[in-house]
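Throw the hints in and build the complete structure from the sequences for me.
As they're listed, the protein sequences go chains A and B. Sequence positions in the first sequence follow UniProt numbering and run 1 to 248. Sequence positions in the second sequence follow UniProt numbering and run 1 to 317.
Mixed in with the good hints there might be a few duds.
As the list claims (entries may be wrong) - So the derived list for chain B, only partly shown, Cβ under 7 Å to chain A, looks like this:
no.: 1; residue: ALA6
no.: 2; residue: LEU8
no.: 3; residue: ALA9
no.: 4; residue: LEU12
no.: 5; residue: PHE179
no.: 6; residue: GLU188
no.: 7; residue: ASP191
no.: 8; residue: GLY197
These aren't lab readings, by the way, just hints derived from the structure by calculation. Think of the CB as a built atom: it goes at the ideal place given N, C-alpha and C, for glycine as much as any other residue.
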Amino acid sequence: MAGLEVRGLTKNFGGLVVSEDIDFDLRPGDRKALIGPNGAGKSTFANLVTGILEPSSGTIHFDGRDIGRLGEARRVKLGIAKTFQVTTLFPKLTVRENLRLPVLERENRGFRMLRRADGDPKVEAEVEALMAQFDLSKLADRQVANLAYGQQRLVELALTLALKPRVLILDEPAAGVPSGETHLITDAIANLPANLAVLVIEHDMDLVFKVAQSIVVLVQGRILTEGTPREIAADAKVRELYLGGGHG
Amino acid sequence: MRNLIAPLALILLGVALFFLFPYNLAFATRIVIMVILVLSLDLVLGYAGIPTLGQGAMYGAGAYAAGLFAIHIWADPFAGLIAGALAGAILALISGFVLMRASGLTLIMLTIAVASICHEIANRARGVTGGADGLRGIRMDPVFGIFEFDFIGVTGYWYTFGVAALVFAFLVILVRSPFGLGLRGIHESPDRMMAIGAPVYWRRLAAYVVGGAIAGIAGALTAQISQLVSLETFAFALSAEAMIMLILGGMGRLYGAAIGTVVFMWVHHTAAANDPFNWLFVIGAMVLAVVFFLPSGLISLPAAVTRLIKGGRNGGA
Ligand SMILES: Nc1ncnc2c1ncn2[C@@H]1O[C@H](COP(=O)(O)OP(=O)(O)OP(=O)(O)O)[C@@H](O)[C@H]1O
Ligand SMILES: [Mg+2]
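See below:
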């Protein structure tokens, strides 16, 4: 079956169960959101799927293939990419270099030693196009460390898309972004390729309701419920446990 | 045009060294060899961000390999360089399999341990290496079969200088390549590098091996020029000094590595000659001053001065 299929996924850190018996599907074209209170295990779930963490038990299949034991880099090559809750970029490299690297890696050129990194017009054209798409062209030669946080968020999104992923996991893409700039992120997510499978982890309910067709609620490592935004908004348990908890 | 200024300046510096030390070409040669070693460290530490105090291990391996190769197999200088580079690369590869899994202080300790083990092996294998007496009896064939290694060291200097120029040119190409950009990426954020699908472990290992080969070339040159390999090639002090030279010049900058080495060795030489007792104090003060006022090394001096002048103007306006 196409897409991600997670069954019985469990992770414990010592005695602490952070993910418990999670079943989860993500198909091409899906727009799902994962919500839940702080410490519910949302980032941990994302890290299990992308291979940053190893599960304690359970299986992860991608396009029918068992990827549960593959390393992170291998899963990226298969098309599973993620942005981090705390922006993770190459701070001292320029915006252009930050975007050039994933394109080169995607094309498996990372071990080339005798050609110039900026020597391939096709790669450069792709980098330029990405910068134009996210309105970053004017910042091309600035170090990303010197950009505003909202702009860094966009660079990370662009960088991740440069991998041409088939599954994209965004861990709180709007966290730390000034509210006036959140629409940049929301628009960018709305404009993602239609057949991409997208999972957004987010506390910002406006953003969640704007982009998600389906919402999964995670509480203390377990899936509480899954439904359309309307169903979730009307769900009494969710209101009580999460939306009423001072987050909304 | 502007792109030519820096390489030309470096070549001029090389020529100047030759004329500055006409009676001490051995010293001028030692500076150039040290530049190669520090360049190798710059690739590993400055670019790839792999902390090491054991670059001397590959340097020593290259020296012994080139010495033994000249004595037992073939005395051609360039063949000897290849032997030295291979020895450095192989040692880096074997030790790197383990080392590149470590990081931080653990990694530094392990690199020191590798160099000490090499020292001990060379010391024990007296029959092959000459042990504490050093490896003697190295006689090199002429360079290109034409230029004899002379007593004064003229051939030795230009030969070394030529090799250093080639290594430098190679590194200039390497650091601009996709591989070089990837090393900077790993240095900046291994997590991000992994998350774009890069095999970070293998990249670091590759960088360590290339750095090892270059350190091996530096060691081979030492063996060929001084016709002697001593246990000191594996000494901790060498690796530590190389690190100081790199910090002085500027990490992650190839020209920084070259300038830091020349300045360090020159000051070292002059200070030690003028004041055999307090020269360490001079070196220490110099390093402290640079680290304090120019954290990016001497190579950033022009930019810092420009900023100061411009800043001064802006401040006055
Ligand atoms: N490496 C780790 N070792 C031990 N405990 C961990 C580790 N990583 C996460 N945890 C714990 O697991 C729980 C879930 O963390 P996680 O980061 O997945 O939550 P989250 O839902 O993403 O929260 P937030 O909304 O704050 O980002 C927390 O209690 C956290 O302290
Ligand atoms: Mg989280």
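Hint-by-hint comparison with the structure:
Residue-level restraint check for ALA6 (chain B) is violated (minimum Cβ-Cβ distance to chain A is 17 Å; threshold 7 Å). Violation of the interface hint for LEU8 (chain B) is found here, the shortest Cβ-Cβ separation to chain A being roughly 21 Å, above the 7 Å cut-off. A hinted interface residue such as ALA9 (chain B) counts as satisfied when its beta carbon comes closer than 7 Å to some beta carbon of chain A; here the least separation is about 22 Å, so the hint is violated. Interface hint status for LEU12 (chain B): violated, as the beta-carbon distance to the closest one in chain A is roughly 26 Å, over 7 Å.
Of the supplied interface hints, the one on PHE179 (chain B) holds, with its beta-carbon coming within about 5 Å of a beta-carbon of chain A, less than 7 Å. The restraint placing GLU188 (chain B) at the interface with chain A holds, with a minimum CB-CB distance near 4 Å, inside the 7 Å limit. Interface restraint check for ASP191 (chain B): the shortest CB-CB distance to chain A comes to about 5 Å, inside 7 Å, so the restraint holds. A distance limit of 7 Å between C-beta atoms decides the matter here; for GLY197 (chain B) the minimum to chain A is near 3 Å, and the interface restraint holds.
Consistency with the previously given hints fails for numbers 1, 2, 3 and 4, ordered from lowest to highest.
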